[in-house]
Each structure stands twice: as structure tokens, then as C-alpha cells.
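All chains, please: the whole structure from these sequences, using the hints.
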Amino acid sequence: MKFKYGIDQLNVETAIKLAQGSVKGYLDSKAIKQIKKSRSNLDVLAQSKEAVYGVNTGFGPLCDTKISPEETSLLQKNLLISHAVGVGLPIEAILSKLMMVCKIHALSQGYSGIRLKVIERLLYFVDNNLIPDVPEQGSVGASGDLAPLSHLFLPLIGEGHFVGKNKPIAAKTILKKHNLKPIKLAAKEGLALINGTQFILAHAIYGLHKAKYILDLADLAGTMSLEGFQGSASPFKTKLHQLRPFKGTKLVAQRIRTFLKGSQNLKSHFECERVQDPYSIRCMPQVHGASRNAIDHLEELANIEMNSVTDNPIVINDKEAISGGNFHGQPLAMALDYATLAAAEMGNISDRRCYLLLEGKYGLPRLLTDKGGLNSGYMIPQYTTASLVTENKCLCFPPSSDSIPTSLGQEDHVSMGSISGRKFKLVLKNLEKIIAIELMYAAQAMYFRRPNTFSEILEKNYKIIRKKVKPLTDDRILKTDIDALIEMVRDRVFIVN
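In this note's numbering, each residue carries its 1-based index in the sequence shown increased by 7.
Some hints here could point you the wrong way.
[Unchecked claim] If you anchor each label on the Cβ, the simulated ranges turn out as follows:
| # | residue 1 | residue 2 | range |
| --- | --- | --- | --- |
| 1 | 47 | 397 | 54 to 62 angstroms |
| 2 | 401 | 54 | 51 to 59 angstroms |
| 3 | 36 | 393 | 55 to 63 angstroms |
| 4 | 393 | 184 | 46 to 54 angstroms |
| 5 | 96 | 499 | 53 to 61 angstroms |
| 6 | 55 | 332 | 19 to 27 angstroms |
| 7 | 55 | 135 | 51 to 59 angstroms |
| 8 | 400 | 367 | 23 to 31 angstroms |
It should be emphasised that the hints constitute simulated quantities derived from the structure, not laboratory data.
Quick reminder that beta carbons are idealized off the backbone N, C-alpha and C, glycines included.
Printed below as a string of C-alpha cells:
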């Protein structure tokens with residue numbers, strides 16, 4: 008499979024595959040024509056006596072300062088090196104590559120005025136896994152992700168660093184190794200490179216790719232907990248959810264019905280006297296479904312953003328360049344904050360199910376051990392889930408609700424969407440750990456329901472867990488089990504559909 012930059016529609020899975028290298032992106036003749044036409048338009052505008060922002064003027068509050076044609080290249084270089092002020096740890100390599108993939112796609116649509124040779128150099132970086140070293144902090148998410156994008160593109164001009172095996176490697180060293188000369192930027196090119204939302208967008212794509220699997224896994228873990236608890240299947244009946252037909256709710260109910268199909272364990276307590284299960288069991292469609300709706304909303308907006316032009320000014324034709332606000336990160340920032348809350352809530356309800364399985368009700372031993380007293384059993388891992396849940400709650404403050412003016416007041420409202428994206432990633436990382444612990448608890452509860460059997464898909468997942476984590480009889484160091492399950496969650500070994 009190949010992807011045509013600037014022509015095909017980019018989506019989450021394709022962007023991930025392009026970043027991973029399993030799909031190759033290229034510029035076809037139509038995209039090349041678009042890029043060249045846009046550059047031609049820009050060259051005409053650059054000769055204009057009228058001020059064209061970022062082409063023959065300074066930037067930000069210096070937009071009223073005219074720049075001579077002779078100083079144009081230095082202006083673009085100075086833009087990159089002056090804006091590369093990021094701090095903190097480097098972002099993950101896949102995020103840097105996603106940023107490049109998204110930027111190439113945006114530039115290739117033919118509204119940015121950038122030369123073909125610059126885009127081709129970026130393609131070379133992607134294809135040869137040359138990954139710029141980008142610090143994680145420093146963007147306010149308006150006028151684009153200026154600091155991270157500046158670091159991302161410093162290697163184009165022979166500055167900055169690429170990611171190395173043990174430490175960053177100077178860009179000059181890598182370029183020399185690949186027989187590449189630094190590019191001398193022309194009018195507007197520095198601005199086209201660093202204006203845009205690609206840092207925020209990369210975090211949204213990465214988070215969506217991770218979240219969609221975790222949401223599926225949460226349905227599975229919740230159903231395994233239901234079976235271990237010997238809960239009722241009634242709250243998942245089709246008719247109930249037709250009467251309140253939210254998309255996410257209906258989907259989760261349908262998935263749980265599938266996970267329960269053919270369960271002998273479910274039949275074994277069909278006529279028990281229990282009337283209702285606690286909300287963490289009974290309300291899984293409503294709670295998991297609400298989180299799915301939020302994630303779906305983020306994906307809808309991310310798909311639009313992936314196929315948009317977000318730099319500034321936008322080159323419409325050889326007579327018009329519009330200096331607008333397509334670089335503002337608010338559309339994604341607010342949705343990322345919503346998605347972060349959605350992910351945190353999935354951990355919250357998962358922790359409640361863990362606690363439920365420890366209470367010693369309906370035939371389960373307290374703390375999921377039949378040797379309590381001498382043994383603590385599974386008492387303490389729930390402390391870990393409780394800690395992670397509270398950490399996630401603290402990460403739910405919405406950065407998009409804040410704004411600190413920058414650029415001498417020229418940029419007087421910013422999105423802070425880069426922080427929203429980073430927090431989304433952190434919450435998802437914690438959620439993986441919480442779900443891993445729930446899977447451990449649920450498997451132990453199912454163990455105590457033997458000789459009852461479960462649905463085919465639950466039995467398969469039970470066996471997957473038991474390959475690495477055996478039933479707990481006497482106390483042992485549980486960190487080994489927890490770490491194994493976290494790794495299994497990250498490796499996507501579970502059957503979730």
C-alpha cells in the first residue's frame with residue numbers, strides 16, 4: 008500500500024503506518040504540480056510592494072517591519088533558530104515521525120508556498136528513519152506549535168539534533184553521513200514549517216491509536232470481572248439500549264453480549280435472588296459508551312485536522328495570501344481535554360470493579376485468596392489502581408480553559424493544546440496499568456468459579472493471561488505479574504473483538 012501526500016485522505020491508522028514505515032508515502036505528479044504552483048504564486052507575492060506577512064515582513068509583533076529581498080533567507084533561518092526554545096525530555100520517536108508525516112501532507116496540498124526540494128528532504132528523513140530530536144515542553148498551541156516544530160526542522164538547515172541510539176546526534180553529522188547538504192531556506196519557508204498544529208495533532212493521533220484498543224480491552228476486562236462476580240446479563244439487553252440509543256452505549260452493550268455468549272458460568276446463577284449489580288458492573292454500557300463517544304469526537308476532529316492546511320499565511324493565488332488563524336490549536340485542544348476525561352473515567356470505573364472483586368461476596372473469598380490472614384492475597388494492587396486513578400483525576404484539568412498572552416500581546420489568546428495532548432498520553436499510560444491490574448483480578452475471580460466455563464473468547468483470553476500469570480495461591484511478589492500484564496496490554500496480545 009502507498010499513500011499519496013497532498014492527495015489521499017489521511018486518517019489515524021494510515022498516519023500510524025506511515026510513521027512506523029509499514030506504508031510508504033510519496034508525491035505523485037498532481038501533488039508536485041500543486042506544490043510548484045503554490046511556490047510560483049509565492050514568488051510573485053514576494054516581489055509585491057505590499058506587505059505580505061512573513062514573506063517580506065518580520066514575525067509576530069514585528070509584522071510591521073519590512074524585510075528586504077536580500078535578507079529573506081536569513082530571516083527564515085533566524086526564525087527557526089530563534090524559536091527552538093523547547094525544554095524537557097525528548098518526545099517519543101513515533102511522535103516526531105507523526106509530526107513530519109502530518110506536516111508533509113499539509114504542505115503538499117499547495118497552499119503553503121514551500122519549494123518541492125524542502126518537502127522531498129522531509130520525505131527522505133521519514134523514509135530513512137532520520138528522526139529529529141524534539142523537546143516535549145514549550146508550545147502554547149497557537150501561532151502553531153512553534154517551539155517543537157522549530158526543533159523538528161532545525162536539521163533541514165544543518166542545526167539541531169537527530170535521535171541517536173544512546174544520545175542525540177548533531178544534525179550536521181547525520182547529513183554528512185547521508186551526503187546531504189543543509190537547505191538554504193527561501194521566502195516564507197521557515198514560517199510554513201513552524202506554523203501549524205502538528206505537535207498537538209501527533210499526540211491526538213498517537214492517543215487515538217492507543218485509546219481505541221484500550222477501550223476495547225476495557226470492555227473485555229469488565230466482562231471478565233462481571234463473570235468473576237457472577238453479575239447479571241440483563242443490563243446489556245438490546246431492547247434496553249434501543250430506548251436510549253447513544254452510539255457508544257449500544258456498541259458496548261453489544262460487545263458485552265458477545266463476550267458472554269455461551270457462558271456456562273452465566274447460566275449457573277440464572278435464578279439467583281440478586282436484583283441489581285453495582286453500577287461499575289451494571290452501567291458499563293453507559294460509562295464505557297460515554298468515553299467512546301468522546302474518543303469518537305476527537306477522531307472526527309483529528310481527521311479534519313490531518314487533511315487541513317494550518318500554517319500562515321495561506322497562499323491562495325499569486326494575488327492573495329491570507330494571514331488568518333488556521334494555526335490555532337483550540338479545535339483539537341478542547342477535544343483532547345474531553346478525551347483525557349473520558350480515558351480517566353475508564354480507569355475510575357475499572358478500579359471500582361477491582362475493589363468489588365475483593366469484598367468476598369457471592370462465593371468469592373475475601374481479597375481473592377482462600378488463605379486470608381497469613382496471606383494478603385490481592386489486597387494491595389488495588390492501592391495501586393486507586394493511586395493511578397487519583398493521578399489521572401489530577402491530570403484532568405483542561406489546559407484549553409487557560410490562556411497566557413504571548414508575543415507582546417499580538418498572540419493574546421492561545422490554546423495550550425500541546426499540554427492537552429501530553430496529558431492525554433499520560434492518562435492513557437496510567438489507564439493501561441489500571442486495566443492490566445483489573446485483568447489480573449478478573450482472571451483470579453474466574454479461577455474461583457471453576458469448574459464453570461465461560462464463552463469461547465473469554466476462555467481464550469483467560470489462557471493468554473495464564474501463560475504469564477498463574478493463579479495466586481500463596482503470597483508472592485505481584486509486581487512481576489503486574490509488569491507482565493502491562494506489557495501484554497501494550498503488546499496488544501488480547502483478543503478484543
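Item to complete: Against the earlier hints, flag every one the structure doesn't satisfy and list their numbers going up.
Response: Hints 5 and 7 contradicted; others consistent.
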